[in-house]
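Trainee: One letter stands for each residue in the lines below.
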Amino acid sequence: MAELLQYTITGLSVGMVYALIGLGFVLIWKSSSVANLALGPIVLMSSWFNYAMFIEKGLPLYVAFLLVLIFAVVLGWVIERVALRPLIAQPILSLIAVTLGIGYFLEGLVTFIWPASTAGFGDKHIFPREVIHIGPAIVSQEYVWVIGICLLVFFLLTFFFRYHRMGIAMRATADDQMAVQACGIPVTRVFSTSWMFACVVAAIGGILISSIGGISHGLVDTGLKSFSVVILGGLDSFGGAMIAGPIIGLLENLGGGYLTPYLWGGVKDIIPFFIIIIVMVIKPYGLFGEERIERI
Amino acid sequence: MTLPCGTRNYNYSEDMATVRTGTQWTMLIVFLALLFTAPFFLNNYWLSVTNIIGITLIAAIGLNILVGYCGQLSIGHAGFIAVGAYTSAILTNRLEMPFLAGLIGAGVISGLVGIIFGLPSIRVKGFYLAITTIAAQFIIIWVINHWGLTGGFAGITVPYASLFGFEFRSQSSQFYLIIGIAVICVFLAKNFTRTKVGRAFVAVRDNDLAAEVMGVNLLFYKLLAFFIGCFFAGIAGSLYAHYTGSLNAEQFSFTESILYVGMIIIGGLGTNLGPILGVVFIRVLQRLLSGELVPFLEKTFTMFPAGFASGLSPMLFGLVIVLFLILEPRGLAHRWNLFKAAYRLWPFSY
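Sequence lines, in order, name chains A and B.
If you count the first sequence from 1, you need to add 282 to reach the numbering used here.
If you count the second sequence from 1, you need to add 141 to reach the numbering used here.
Hints may be right or wrong, so weigh each one.
[Claimed, not checked] Below, computed lysine-lysine pairings styled on DSBU-like, alpha-carbon distance capped at 35 angstroms:
#, chain 1, residue 1, chain 2, residue 2
1, B, Lys337, A, Lys565
2, B, Lys266, A, Lys312
3, B, Lys440, A, Lys339
4, B, Lys266, B, Lys337
5, B, Lys481, A, Lys565
6, A, Lys565, A, Lys550
7, A, Lys565, A, Lys312
8, A, Lys312, A, Lys550
9, B, Lys331, B, Lys440
10, B, Lys440, B, Lys481
11, B, Lys337, A, Lys550
12, B, Lys337, B, Lys440
Hints were generated in silico from the structure; no laboratory data involved.
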């Protein structure tokens, strides 16, 4: 029982992070129909940046966090402006390939700047590490913090989309790009804002997940795993990502916990990819995704 | 196909000819003669580069048929190559079958695995399919790493290729094997894309619904594209296994898959020349970087932490892919055609 509860809490918190990163994907997909396959390297890069500011430079946490956010905004803007703006209205294949190229570039850049492949936060951790007791389970406090922060970011984003002018413009662009352009809303600015937001949530996700497990190249895989979230939830559904994230996290941790004795090791890391295949075969547009009806 | 000035087709056989004029025949023969005498004037270092180029080319041709002709984006090609490589390794090492059985078996098994992961292509396309193939890549590598038969993390050794009692041990003998098969593959691919199936692929790529309305069986042709694309990957994997002699799942990473997509984009999607140009470009650049530039930089800039320059090649390749997509999405093949046209029409290029 204690084991089950422990898996549930870790699964929920990791799943929340996946959902957060997946949200960044959905943002870009909805506003500009670009599939951002560079999420993993963006997560990796911003976690390293956070590490550099927080540990190497020794800045206080809130300053480091603010700098990471600024860095993510700049990164998102640069990517959109330099690589994706010239490719507006190109076939989906080019758009996917260009984000792959960006991802590859960023991975190289990370190795170039921080050749050490792993780093831990050591004593100077972000969240308090005292264990807390939830029923019979003993969990590190970090997980609860991660869940809380993710929920906070979800609510902030929801409010932004509901009430802020830019948020409303972004929702409108997702609905009908042509109509929005005709109404005088600057679509290109909406695109770059969506990239900035995506990078910011990816950066927050990276900080959260690296605060638990340290920084390693596996963060790229974390970004890739979050694709299972958007696939399960539906590519164009914010709510879907928020619901699918914890589901994936739970399945991953419960499956990893209970299936490893029966299957090969490392099954935990591969579960999200199996989920992708299963969803593709059964319900390709996900739980809440809009099914596209094509015309010739 | 554009013809040189003053050349006209008077019958169908001329129209269908792959190599049309005497000059083209001469150039082809000279090129092939140069290619097959390469072991006499290349040293082992450059022979190994050519061998890797040949292997990569076979896989890239497969990917080009799948992505460039049939429009089914696959970002898990290295995974399918791994299937081929390990199939060949298991067949020849564990079951002690001859090399030829390993080669064919690798292609077939790889193609069948491709069909399994290509099944979602009936219902989805574009990004969904890309994600499926990424998942395929990771699942394949996981299975390889944990299955007893494949040797797991420790890897597996592969005997040298041998045909009719002759063992391909040295770089130059391997060169003939690899380049021979690569040339056959290029020829097959060139002709394949002009057949009924090839045209059906193009129809599926341009608009699959329209193709279906015109009577192209989507299920059959999409899965056939996956089979053929992965068949080539399997052949390449088998050759790679017998070339390197030992396998490890690290050699078939996700970044390698990205690189394959990059190669066919740089070369030019949906052209026969594209994969050749792209593969030569990327592999030579890679060798120059890892062989010359990285050691030089590591030695020169000692104030940076060790290993910083190993990030250089991913950076450069990522940059090259992005720049090609922005500046020349039709790839090097298109540039080459422009050059040919300019050469033919010079100096009156109106």
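Trainee: Take the C-alpha atoms of lysine 266/B and lysine 312/A, compute the straight-line distance between them, and say whether it is at most 35 angstroms.
Mentor: Distance of about 17 angstroms is within 35 angstroms: holds.
Trainee: If you draw a straight line from the CA of lysine 337/B to the CA of lysine 550/A, is it 35 angstroms or shorter?
Mentor: Roughly 45 angstroms separates the two Cα atoms, so the pair is violated.
Trainee: Can you confirm whether the C-alpha distance between lysine 337/B and lysine 440/B stays at or below 35 angstroms?
Mentor: Status violated; Cα separation ~56 angstroms.
Trainee: CA of lysine 565/A to CA of lysine 550/A, is that 35 angstroms or under?
Mentor: Holds, at about 23 angstroms.
Trainee: Hey, lysine 266/B versus lysine 337/B, does the alpha-carbon distance stay inside 35 angstroms?
Mentor: At roughly 23 angstroms apart (the allowed maximum being 35 angstroms), lysine 337/B and lysine 266/B satisfy the hint.
Trainee: If you draw a straight line from the CA of lysine 481/B to the CA of lysine 565/A, is it 35 angstroms or shorter?
Mentor: violated (49 angstroms)
Trainee: Would you check the hint for lysine 440/B and lysine 481/B, treating anything up to 35 angstroms between C-alpha atoms as holding?
Mentor: Not satisfied, since the Cα-Cα distance of roughly 42 angstroms exceeds 35 angstroms.
Trainee: Checking one constraint from the list: CA of lysine 337/B to CA of lysine 565/A, max 35 angstroms. Satisfied?
Mentor: holds (33 angstroms)
Trainee: Check whether the Cα positions of lysine 331/B and lysine 440/B lie no farther apart than 35 angstroms.
Mentor: It is violated: about 45 angstroms lies between the C-alpha atoms, which goes past 35 angstroms.
Trainee: Is lysine 440/B within 35 angstroms of lysine 339/A, Cα to Cα?
Mentor: holds (27 angstroms)
Trainee: Decide if the proposed pair is consistent with the structure: lysine 312/A and lysine 550/A, CA atoms, cutoff 35 angstroms inclusive.
Mentor: holds (30 angstroms)
Trainee: Between lysine 565/A and lysine 312/A, does the CA-CA distance stay at or below 35 angstroms?
Mentor: holds (19 angstroms)
Consistency note: the structure conflicts with the earlier hints numbered 5, 9, 10, 11, 12.
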